[in-house]
Amino acid sequence: MEHSEGTGVLHERYDWLDQARGLVVLLLIVSMPTAEFSGDVLTGDPTLGPPMLNHGYDYFDAYPPIITFIDIGQALFMLVMGFVGYTAFTSRLKKRGPRAAFWYGFRRVSVLYALASIDSLFLPLLEKGRCEWDNFLYKGTFSMIAFGAMASFVCTVLVPNADKRIRIGVLLMLVHSLLYAFPLFDRHTWADNLLNLPHFPFGLLGLTAVAIAGGCYGQWHVMDPENPIAGFQKRIVPISSAAFVGAYCMDWMQPAQHHDVNASLQLQALYMGGFMLMIFFAFGRVGFRFPLLSSLGKNLLLMFAVGGLGTSIYVSLLPKSLLLESPFLAMTLAGIVPIAVLSYAAVWLDRRGIMVRA
Amino acid sequence: MSARPKIRKRHVALGALILIPYCVAFHIGTLKGRAAEEFAKEGNAILGVARLATAYAFSHEGAWPPMDSAGRRFAFAPNSIPEGFTIGQEFKYPLEHDAQAVLLGPIGRHGALPLEPSADPASCFYVGYAVASEAEGMALVDAMKRGIADGRDITVEAGQGTLGGHVLYTMRRELYKTLAADAVTDNEVPKVHATFPVVIQRPREGHAWVVYSDLHAEYLPYPGPFPLTRAFVEALR
Numbered sequence: 000m001e002h003s004e005g006t007g008v009l010h011e012r013y014d015w016l017d018q019a020r021g022l023v024v025l026l027l028i029v030s031m032p033t034a035e036f037s038g039d040v041l042t043g044d045p046t047l048g049p050p051m052l053n054h055g056y057d058y059f060d061a062y063p064p065i066i067t068f069i070d071i072g073q074a075l076f077m078l079v080m081g082f083v084g085y086t087a088f089t090s091r092l093k094k095r096g097p098r099a100a101f102w103y104g105f106r107r108v109s110v111l112y113a114l115a116s117i118d119s120l121f122l123p124l125l126e127k128g129r130c131e132w133d134n135f136l137y138k139g140t141f142s143m144i145a146f147g148a149m150a151s152f153v154c155t156v157l158v159p160n161a162d163k164r165i166r167i168g169v170l171l172m173l174v175h176s177l178l179y180a181f182p183l184f185d186r187h188t189w190a191d192n193l194l195n196l197p198h199f200p201f202g203l204l205g206l207t208a209v210a211i212a213g214g215c216y217g218q219w220h221v222m223d224p225e226n227p228i229a230g231f232q233k234r235i236v237p238i239s240s241a242a243f244v245g246a247y248c249m250d251w252m253q254p255a256q257h258h259d260v261n262a263s264l265q266l267q268a269l270y271m272g273g274f275m276l277m278i279f280f281a282f283g284r285v286g287f288r289f290p291l292l293s294s295l296g297k298n299l300l301l302m303f304a305v306g307g308l309g310t311s312i313y314v315s316l317l318p319k320s321l322l323l324e325s326p327f328l329a330m331t332l333a334g335i336v337p338i339a340v341l342s343y344a345a346v347w348l349d350r351r352g353i354m355v356r357a
Numbered sequence: 000m001s002a003r004p005k006i007r008k009r010h011v012a013l014g015a016l017i018l019i020p021y022c023v024a025f026h027i028g029t030l031k032g033r034a035a036e037e038f039a040k041e042g043n044a045i046l047g048v049a050r051l052a053t054a055y056a057f058s059h060e061g062a063w064p065p066m067d068s069a070g071r072r073f074a075f076a077p078n079s080i081p082e083g084f085t086i087g088q089e090f091k092y093p094l095e096h097d098a099q100a101v102l103l104g105p106i107g108r109h110g111a112l113p114l115e116p117s118a119d120p121a122s123c124f125y126v127g128y129a130v131a132s133e134a135e136g137m138a139l140v141d142a143m144k145r146g147i148a149d150g151r152d153i154t155v156e157a158g159q160g161t162l163g164g165h166v167l168y169t170m171r172r173e174l175y176k177t178l179a180a181d182a183v184t185d186n187e188v189p190k191v192h193a194t195f196p197v198v199i200q201r202p203r204e205g206h207a208w209v210v211y212s213d214l215h216a217e218y219l220p221y222p223g224p225f226p227l228t229r230a231f232v233e234a235l236r
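Residue numbers (numbering that gives the first Met the number 0), protein chains in the order written: chain A, 0 to 357; chain V, 0 to 236.
Do not rely on the hints blindly, as some may be mistaken.
[Claimed, not checked] Capping the alpha-carbon separation at 35 Å, the derived lysine-lysine pairs in DSBU-like fashion look like this:
1) Lys-8(V) <-> Lys-233(A)
2) Lys-31(V) <-> Lys-176(V)
3) Lys-93(A) <-> Lys-319(A)
4) Lys-127(A) <-> Lys-40(V)
5) Lys-176(V) <-> Lys-190(V)
6) Lys-233(A) <-> Lys-94(A)
7) Lys-138(A) <-> Lys-8(V)
8) Lys-127(A) <-> Lys-8(V)
9) Lys-144(V) <-> Lys-138(A)
10) Lys-138(A) <-> Lys-176(V)
11) Lys-138(A) <-> Lys-93(A)
12) Lys-91(V) <-> Lys-138(A)
13) Lys-94(A) <-> Lys-163(A)
If you are wondering where the hints come from, they were derived from the structure by calculation, not from laboratory data.
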């Protein structure tokens with residue numbers, strides 16, 4: 000899975016994009032210790048860490064949910080995956096033909112499902128003695144990312160024009176919002192499913208819509224190869240601005256929900272992702288860069304999978320009583336050490352030109 | 000991809016054709032969703048009564064609370080567990096009503112919140128024994144009338160006990176293991192808990208909420224299948 004397939008350069012590597020990807024991974028790493036030390040506001044168990052960098056549901060899991068940056072993270076990750084997936088897929092399609100492109104798509108989805116099988120089948124089997132098949136098929140983070148990536152590839156093939164393809168994403172969002180509005184299916188933490196409503200993969204549907212939009216963003220970015228600003232100017236920023244207004248309006252009617260990735264959250268991911276890409280692109284234009292984020296972003300999947308798992312194991316071993324005694328220790332051990340270790344690993348890999356990817 | 004596609008009239012018409020029905024459907028869906036949430040609140044209150052019983056079981060070696068055998072009522076025995084409470088409005092002086100218990104804060108923005116019963120105890124029946132059919136239920140009612148439903152397993156005629164056995168088992172955590180050990184069931188089947196009604200709402204307007212010992216709730220018609228058969232509900236009353 001190293002960056003050594005073929006001999007020619009498939010496509011230009013965008014440093015600003017690596018930095019944007021790196022920020023998403025960094026937020027994921029930070030969310031591990033903040034989730035571990037969420038405490039409990041009702042029972043008085045103390046909270047550690049910045050609440051904005053934790054899932055809102057870790058503090059208040061009810062309706063309407065509290066939404067933070069971290070709650071948008073999964074959808075943001077999906078958007079970025081769609082963005083880079085488009086470039087990787089279509090560059091192979093153009094330069095090496097359909098076989099190479101489809102093999103790439105198959106490989107990427109397979110690796111993600113392989114990670115899903117570890118996360119949802121193997122580890123639960125060791126811990127709980129049973130496999131979590133629903134998580135493996137449609138509820139787990141990796142399986143949702145895998146399915147979203149696959150949907151994005153398929154839509155790219157079926158509807159090559161992003162201006163038309165975005166309609167599929169919009170349609171999925173509208174369908175999601177309607178299914179979510181009617182009391183037809185069980186929603187996350189909605190009355191504990193007292194009405195015995197059937198389950199529906201709301202999260203999967205929502206992230207699929209975001210992945211398709213991410214693919215469109217990826218295509219718009221290269222809509223004018225001579226002028227890289229054009230894509231941002233004509234599509235990404237205007238559509239992100241529209242998504243901002245849409246998210247604001249939708250949030251009044253159907254408050255954003257992290258697990259079900261409803262329409263509000265999808266729109267939030269669209270505008271935050273669009274603006275984030277624009278900011279990093281603009282930084283790049285004025286010659287400003289974050290080398291650490293760039294290193295983290297180059298090994299996005301590795302940092303996401305191995306870094307996420309490693310960090311969660313590490314923070315679970317930290318004694319909370321010790322961290323409570325000293326804010327300085329809490330900041331250092333829970334806040335800085337995981338970032339420092341993963342950053343070191345990312346820079347080490349980057350300096351050797353190693354990029355592990357599906 | 001043209002630089003700025005023209006917005007044509009037919010695009011606007013198409014957009015309106017999609018958006019207007021969508022907005023209407025969304026509005027109807029949201030109203031229906033809110034109505035369903037409101038409807039589920041009553042079931043949640045009845046579910047709260049069953050949750051109290053499971054909370055009791057945690058501090059009583061798995062045994063659910065006994066029934067009121069002295070009063071011969073299908074209700075918790077007096078003083079066995081407190082009435083179901085839920086958090087009420089912000090605590091303000093002077094008190095507008097009698098508060099039986101107060102949760103002192105800080106809780107959110109509140110210094111203190113009164114606790115109010117989540118369900119009127121008189122609005123539901125508590126069935127402290129594992130019964131899954133009308134015959135078993137009527138055997139329990141008979142035992143209650145005779146004053147022998149005192150928190151212990153009851154030996155009854157063959158076929159009238161739990162799951163057609165000869166013993167009416169008191170409700171307890173992991174009862175399925177006892178049932179398997181006593182050969183009432185062939186093997187340990189946790190799902191058997193889904194067949195034992197433990198809290199039954201007094202039927203109103205032809206329906207009632209029923210909570211089973213696995214803590215799932217159903218809104219069933221009355222009269223209807225067990226436990227909402229006319230004979231059993233009349234006997235509970």
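Right, here's what the structure says about each hint:
1. At most 35 Å may separate the alpha-carbon atoms for a hinted pair to count; Lys-8(V) and Lys-233(A) meet this at roughly 22 Å.
2. For the suggested pair Lys-31(V) and Lys-176(V), the alpha carbons sit about 42 Å apart, so the restraint of at most 35 Å is broken.
3. Between Lys-93(A) and Lys-319(A) the alpha-carbon distance is near 54 Å, which puts this suggested pair outside the 35 Å criterion.
4. Between Lys-127(A) and Lys-40(V) the CA atoms are separated by roughly 33 Å; this keeps the pair inside 35 Å, and the hint holds.
5. For a cut-off of 35 Å, the pair hint linking Lys-176(V) to Lys-190(V) stands: about 11 Å separates their Cα positions.
6. Only pairs whose Cα atoms come within 35 Å are accepted, and Lys-233(A) paired with Lys-94(A) is accepted, the gap being roughly 27 Å.
7. Annotation: proposed proximity of Lys-138(A) to Lys-8(V) is violated, straight-line Cα distance about 42 Å (limit 35 Å).
8. Restraint check: the Cα-Cα separation between Lys-127(A) and Lys-8(V) comes to about 60 Å, which exceeds 35 Å; the hinted pair is violated.
9. For the hint pairing Lys-144(V) with Lys-138(A), the CA-to-CA distance comes to about 51 Å; that exceeds 35 Å, so the pair is violated.
10. Restraint check: the Cα-Cα separation between Lys-138(A) and Lys-176(V) comes to about 32 Å, which is no more than 35 Å; the hinted pair holds.
11. Using a Cα cut-off of 35 Å, the hinted pair Lys-138(A) and Lys-93(A) holds, with the two alpha carbons roughly 34 Å apart.
12. Simply put, Lys-91(V) and Lys-138(A) have alpha-carbon atoms about 45 Å apart, too far for the 35 Å limit, and the pair is violated.
13. Note on Lys-94(A) and Lys-163(A): the hinted pairing holds, with a Cα-Cα distance of about 24 Å set against a maximum of 35 Å.
Consistency with the previously given hints fails for numbers 2, 3, 7, 8, 9 and 12, ordered from lowest to highest.
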